[in-house]
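Chemist: With chain A fixed as given, assemble chain B onto it according to the hints.
Chains A and B are the protein sequences, given in the same order.
Using this note's numbering, the final residue of the first sequence is 352, and nothing's skipped along the way.
Using this note's numbering, the final residue of the second sequence is 352, and nothing's skipped along the way.
Do not rely on the hints blindly, as some may be mistaken.
Since the list can't tell identical chains apart, any single copy or any two copies may satisfy a pair.
[To be verified] Subject to a maximum C-alpha distance of 25 Å in a straight line, what follows is the list of computed DMTMM-like cross-link-like pairs (lysine to aspartate or glutamate):
hint	residue 1	residue 2
1	Lys348	Asp281
2	Lys180	Asp246
3	Lys297	Glu345
4	Lys34	Asp304
5	Lys338	Asp281
6	Lys297	Glu341
7	Lys322	Glu290
8	Lys348	Glu290
9	Lys322	Asp304
10	Lys331	Asp315
11	Lys139	Asp260
12	Lys330	Glu290
13	Lys338	Glu290
14	Lys34	Asp266
15	Lys297	Asp335
16	Lys297	Glu344
17	Lys279	Glu40
If you're looking for bench data, these hints aren't it; they were derived computationally from the structure.
Number of protein chains: 2
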Amino acid sequence: MKRYGVIMAGGGGTRFWPLSRKSLPKQFLNLTGKDIMVNETIDRLTEVILKEDFFIVTNQAHADLTFLMAAGRLQKDHILAEPAARNTAACIGYAAMEIVRKFGDGVMCIFPSDHYIRNTDAFARTIEKAAELAEETGKLITIGIKPTYPATGYGYIRKKKHSGMEVQEFVEKPDLETAKQYLSSGSYLWNSGMFVWKASVILDHFRELLPDIYACLEKIGAAMKTPKEQQVIAKIYPTIPKISIDYGIMERAHDVLVLDGDFGWDDVGSWETLDALYKPDANGNVIRGEHIGVDTKNCISYSDGKLIATVGVSDLVIVETKDAVLVCDKKRAQDVRKIVETLEEQGKTEYL
Amino acid sequence: MKRYGVIMAGGGGTRFWPLSRKSLPKQFLNLTGKDIMVNETIDRLTEVILKEDFFIVTNQAHADLTFLMAAGRLQKDHILAEPAARNTAACIGYAAMEIVRKFGDGVMCIFPSDHYIRNTDAFARTIEKAAELAEETGKLITIGIKPTYPATGYGYIRKKKHSGMEVQEFVEKPDLETAKQYLSSGSYLWNSGMFVWKASVILDHFRELLPDIYACLEKIGAAMKTPKEQQVIAKIYPTIPKISIDYGIMERAHDVLVLDGDFGWDDVGSWETLDALYKPDANGNVIRGEHIGVDTKNCISYSDGKLIATVGVSDLVIVETKDAVLVCDKKRAQDVRKIVETLEEQGKTEYL
Chain A
1 MKRYGVIMAG GGGTRFWPLS RKSLPKQFLN LTGKDIMVNE TIDRLTEVIL KEDFFIVTNQ
61 AHADLTFLMA AGRLQKDHIL AEPAARNTAA CIGYAAMEIV RKFGDGVMCI FPSDHYIRNT
121 DAFARTIEKA AELAEETGKL ITIGIKPTYP ATGYGYIRKK KHSGMEVQEF VEKPDLETAK
181 QYLSSGSYLW NSGMFVWKAS VILDHFRELL PDIYACLEKI GAAMKTPKEQ QVIAKIYPTI
241 PKISIDYGIM ERAHDVLVLD GDFGWDDVGS WETLDALYKP DANGNVIRGE HIGVDTKNCI
301 SYSDGKLIAT VGVSDLVIVE TKDAVLVCDK KRAQDVRKIV ETLEEQGKTE YL
Chain B
1 MKRYGVIMAG GGGTRFWPLS RKSLPKQFLN LTGKDIMVNE TIDRLTEVIL KEDFFIVTNQ
61 AHADLTFLMA AGRLQKDHIL AEPAARNTAA CIGYAAMEIV RKFGDGVMCI FPSDHYIRNT
121 DAFARTIEKA AELAEETGKL ITIGIKPTYP ATGYGYIRKK KHSGMEVQEF VEKPDLETAK
181 QYLSSGSYLW NSGMFVWKAS VILDHFRELL PDIYACLEKI GAAMKTPKEQ QVIAKIYPTI
241 PKISIDYGIM ERAHDVLVLD GDFGWDDVGS WETLDALYKP DANGNVIRGE HIGVDTKNCI
301 SYSDGKLIAT VGVSDLVIVE TKDAVLVCDK KRAQDVRKIV ETLEEQGKTE YL
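One chain only, chain A, in its complex shape:
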């Protein structure tokens, strides 16, 4: 069965402000120094899925940019433009309908656009196995990540006892104590948000578990390959109920399997995650661009051009871009979105 990649690239990118902007969200950033994240997501899977068989679902405002930055990897009609952000269930349902209506059926391999993967060979093998499993079993396959520390920033997947792949339950982000128990128990995996299944199978689940969304998807599907396609999408898509695929389907379906992923995975969620992507220097600092430090420890210094000089500081994220400078406690990197919110409140749109 034909395989398709689906990259969810609809993020607003507030957590990498001031580098990420409304016009240039995280998926377009080159944080690893090789290529922008959305392209790396395609390129690391060439052995498993053909480049031209990827779809990128993104905000309408970023559709042209996505196509341009994909630099010939895929055709323009493989950019699926969302007229409005309606969370991951809508995004995945739209892609599934596209595949079923335009290509018959296929195995969909779904990836967020903001993952960093160290061991791409192991990763490709895992996705290959998941695709085979999805085709053979007709089940919903999710990729779990073997935890390496008691993370409180991820949801977890609990496996059934004495079972290789069956899922007991999905659990929310834990507190530190609970995360430590999860880590030592050996039966919990991080929920990576990567899914593999047949397009027709996930649509069946929409019909059963999310009938309101399915009704919308049916209308959109009916218009596909007709002159009214874009018009119907523009009208219907913004009315799709907002719900995540985890909450809407994964936590409720009874035919979910999980594969253990062990390939050096990081969710590039906000600035402090650069610590995991780069090897910090002897002082624990991660430096991009020019930097001079006096008594500077465990800082992330990211410069777009200017020299960043630091004296007597530690555990800071410092980012300089063309029009803004961020200085943030590393533990508070998630709260960079509060800066973006404040800018919106104050109408300082030039910085958004």
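Modeler: The following block gives chain B in isolation, referenced to the frame of chain A:
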């Protein structure tokens, strides 16, 4: 007797990096929002000393800039250019010789170029009194500052017991415990580095206490008003022994009087002193330029153009200029010079 102002503006300005540069040291910065510091030094004394009777002693490299930025306050021949920095004794001796040889004699009122004074009326009255006293008594008058906190960054002047103005001794920068004792004793004043005396009187002290320097000054003096003046200065000045006026004369002379200064004085020594110049906002922050803060306390944020955004930080100095960003623990602001030293070592002259 005619009065002259002498402003010592020879500083290299490393402590206000990255705003101050080799080509633009601290005395040319407008940190108070009114005018550059060297001009403010002239303008706050118009009731006591005529603008055109000021001299500015500065590094030869900054002589033209000093004249331009003085914006008509004084004639070009009142900029005394030092071919080399030889500390304050040389600087003051040169100015004294200039006054004696070219104008007969006069009361010299000597000021560093980096002081902030809140109550300029009280300041002018103090200098007026000092000038009268210097003329009447022929003694060396120094301005002491009534301490408002146990400062460890200033030298102190101890007054004789039961004496209004007589000096017991000059003492070095104390540790905190000692500074607290000085503060509570009531007989210690901060050594401000402002001096008032007759030019002829200080030259007598050079002859007696610093004969090597006096010999150099005599050679320079003999060439003044001759075509060889600049040539002799260029040759002799760099050979003058480097010593401060405090160490060379003030601490050894027996005819020193001190006036109590109480006019809201701050030495604008490094970035953290901006806290004293500006009223911090409700969160203790001093902001110049655009800034957005989330949970930000007791920071100094100085922007030359870009937005500075801060999250979860406190007690930092953050400075953004055209080509550099500084992030510094406020307690370590003195160590900004180490950045400058590192830049010199690394040959990154474009940032100096």
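Chemist: Determine for every hint whether it applies to the structure shown.
Modeler: Outcome of the hint check:
For the identical chains of this complex, lysine 348 and aspartate 281 are inter-copy neighbours only, at 21 Å across copies versus 36 Å inside a copy, given an alpha-carbon limit of 25 Å. Taking identical chains as interchangeable, the C-alpha atoms of lysine 180 and aspartate 246 lie at most 25 Å apart only when both belong to the same chain, with a minimum of 23 Å there against 64 Å between chains. For the homomeric pair lysine 297 and glutamate 345, the shortest alpha-carbon distance between copies (21 Å) is at most 25 Å, but the shortest distance inside one copy (34 Å) is not. Within a single copy, lysine 34 and aspartate 304 get their C-alpha atoms as close as 16 Å, which meets the 25 Å cut-off; across copies the closest is 33 Å, which misses it.
Taking identical chains as interchangeable, the C-alpha atoms of lysine 338 and aspartate 281 lie at most 25 Å apart only when they sit on different chains, with a minimum of 20 Å there against 30 Å within one chain. When the C-alpha separation of lysine 297 and glutamate 341 is checked against a cutoff of 25 Å, the pair qualifies only between copies, where the shortest distance is 19 Å, while the shortest distance within a copy is 29 Å. Proximity of lysine 322 to glutamate 290 under the C-alpha cut-off of 25 Å is found in both arrangements, the shortest distances being 15 Å within a copy and 14 Å between copies. Taking the shortest Cα distances, lysine 348 and glutamate 290 sit within 25 Å of each other only across copies (11 Å), while inside one copy they are farther apart (28 Å).
Taking the shortest alpha-carbon separations for lysine 322 and aspartate 304, both the intra-copy value of 7 Å and the inter-copy value of 13 Å come in at or below 25 Å. Proximity of lysine 331 to aspartate 315 under the C-alpha cut-off of 25 Å is found in both arrangements, the shortest distances being 8 Å within a copy and 17 Å between copies. Only within a single protomer do lysine 139 and aspartate 260 lie at most 25 Å apart by alpha-carbon distance; the minimum there is 16 Å, versus 88 Å between protomers. Taking identical chains as interchangeable, the C-alpha atoms of lysine 330 and glutamate 290 lie at most 25 Å apart whether they share a chain (20 Å) or sit on different chains (22 Å).
Proximity of lysine 338 to glutamate 290 under the C-alpha cut-off of 25 Å is restricted to the inter-copy arrangement: shortest distance 16 Å between copies versus 27 Å within a copy. Taking the shortest alpha-carbon separations for lysine 34 and aspartate 266, only the intra-copy value of 16 Å comes in at or below 25 Å, while the best inter-copy value is 51 Å. For the homomeric pair lysine 297 and aspartate 335, the shortest alpha-carbon distances inside one copy (21 Å) and between copies (16 Å) are both at most 25 Å. When the C-alpha separation of lysine 297 and glutamate 344 is checked against a cutoff of 25 Å, the pair qualifies only between copies, where the shortest distance is 22 Å, while the shortest distance within a copy is 33 Å.
Taking identical chains as interchangeable, the C-alpha atoms of lysine 279 and glutamate 40 lie at most 25 Å apart only when both belong to the same chain, with a minimum of 19 Å there against 50 Å between chains.
This entry satisfies every hint, going by the numbered hints stated previously.
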